[in-house]
Amino acid sequence: MTVTTSANVSTAAMSLSRGRIEVLQFFRDRTAMVFTFLFPAMLLLLFGTIFGDSYDETGVSASQVYAASMLAYGVLTTGFVTMGSGLALDREDGTLKRLHGTPLPVTAYLMGKAILVLTLSIAEAALIILVGVLVFDMPLPDASHWLTFAWLMLLSVLTCSLLGVAVSAIVKRARSAGAILNVPVVALQFISGIFIHPITQLPSWLITVASLFPVKWMGQGFRYVFLPDSMKSMEAAGAWELGRTALVLGVWCVIGLVLCLATFRWSDKDR
Amino acid sequence: MEAIEVTALRKTYKDKEAVRGIDLTVARGEIFAMLGPNGAGKTTSVEILEGHRRRDGGDVRVLGEDPGTAGQAWRSRIGIVLQNTDDAADLTVAEMVRHVGGFYPGPRAVDEVVELVGLTAKRNAKIRTLSGGQRRRVDVALGIVGRPELLFLDEPTTGFDPEARRQFWDLIRTLAGEGTTILLTTHYLDEAEALADRLAVLADGRIVAEGTPATLGGRAAAGSKVSWQENGHLRTEQPADPSELLRKLATDGTDLRTLTVTRPTLEDIYLTLIGAQR
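Chains as they are written, first to last, in my numbering: chain A, -17 to 253; chain B, 85 to 362.
Here chain A stands alone, though its shape is the one from the complex (with noise of 0.2 Å):
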């Protein structure tokens, strides 16, 4: 028998290929759909019904607030809610292995992810700008903020997805990963100024606390995008610190890509 001797499948190819089956698997599954999709979306809705009084003089209603937070909390369940429990299912039932034994590379695998993530997040803030246009009348921004929406998307994407795969090294059985990536969402959510606005009611210490974390930052710079400038009084610093925004969540991207590099396994037996 002779040697085989084609060409690899590309890289590129396998990596859209990861992608195409995650997002068909992801809608096959109706739990995932609700849990991780429709969840954000949900609580604008009840957020935004139940605190709908405006803030004093801006013209703006705290419903409004919540529509553009909440971006940030659409974001960060799908990047990291969805990417951690995902490796962590992937690894328990099989999925890993039986990837590690075909030519298909690690990075192929993870862009699928990525892709999936990507995927998720466009059409969850797609679903939670719907729900706050068209149920709480927050006005469309300009051109020039849709910009700043575009890399922040993509940082915050990428930031969430990233410390997902990190902290997936730590879930020892998918059925508990739910319960364990939720704590940090959810404290997140609290201390962040995304379900409680203006951050400034917490206590200042919190805030530091708040600030060392994504979040926090996530959340101001989609308020930025879709706010008027006015608004920018009720955030920590009184400024909307688009420059910081960049650089903590550069920052976290990156030590998420060292801790990703440092842990990841193809199995939890691969020693």
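Please keep in mind that the hints were generated in silico from the structure rather than gathered at the bench. Beta carbons are placed, not taken as given, at the ideal position from N, Cα and C, and that holds for glycine. Misleading hints may appear alongside valid ones.
Unchecked claim - Derived contacts from chain A toward chain B, CB cut-off under 10 Å, selection only:
#: 1; residue: S(-1)
#: 2; residue: R80
#: 3; residue: P87
#: 4; residue: L188
Keeping the supplied structure of chain A fixed, place chain B upon it in accordance with the hints.
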């Protein structure tokens, strides 16, 4: 070049020596079976050959490369049939076969693979709706879709009904006929006997016997067992040469309606080999 060459393979988990110095050679185009009780080191050895596990010592060459460092091109030349998987539940059989086939440079056609494993009727069924045996056939389909030169089968027919096992054996013979080298682990001795050109018995991390199904563990030389009922009691003798005993029984008027003469089965040999280790 041999398909698999292993010398002095060792693997230790925390405090247990799972594999203690295995030497093994599998020729190209051969069907080689590994037998042994649970915990004998079969799966550990196979997983090292597949590149799924690191070894602690010894030299391993699979298709000429070290599985511990081999890359994508090497992976596209081997096929692995896993045990106990539960993945891709929401995909259909054809979707999953096409998807995995896409990772290989020259995959088989989806319909051909599905037909080979006998799942044509379930082609468009979601994998979660399949029975255990059908699920295993999907694993086999995914193992062969890339036209591997070497196929690893870890207890492939667990959960198969008798007819499915026969069909599976035919498939393995077809693949071997096309030149595929096959390394098989199994609990079923009849399966090893039906398929394997050569086999090895593992016990306690070592190979305790190696040979063809006909000669393993001195099977060819072992004496036949002669049994018959006498006065309501079963009598069994294992003479060096049964001819003399049979002539005597035939002439002295013993009732021979219950007479059996049996060669040692592979199972007898296996149990003796395993028993000797305990």
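Hints versus structure:
Taking 10 Å as the C-beta cut-off, the interface hint given for S(-1)/A holds, the closest approach to chain B being about 5 Å. The closest approach between the C-beta of R80/A and any C-beta of chain B is roughly 6 Å, which is under the 10 Å cut-off, so the hint is satisfied. Taken as an interface hint, P87/A checks out: its beta carbon lies about 6 Å from the nearest beta carbon of chain B, inside 10 Å. Taken as an interface hint, L188/A does not check out: its beta carbon lies about 42 Å from the nearest beta carbon of chain B, beyond 10 Å.
Violated hint: 4 only; the structure is consistent with all others.
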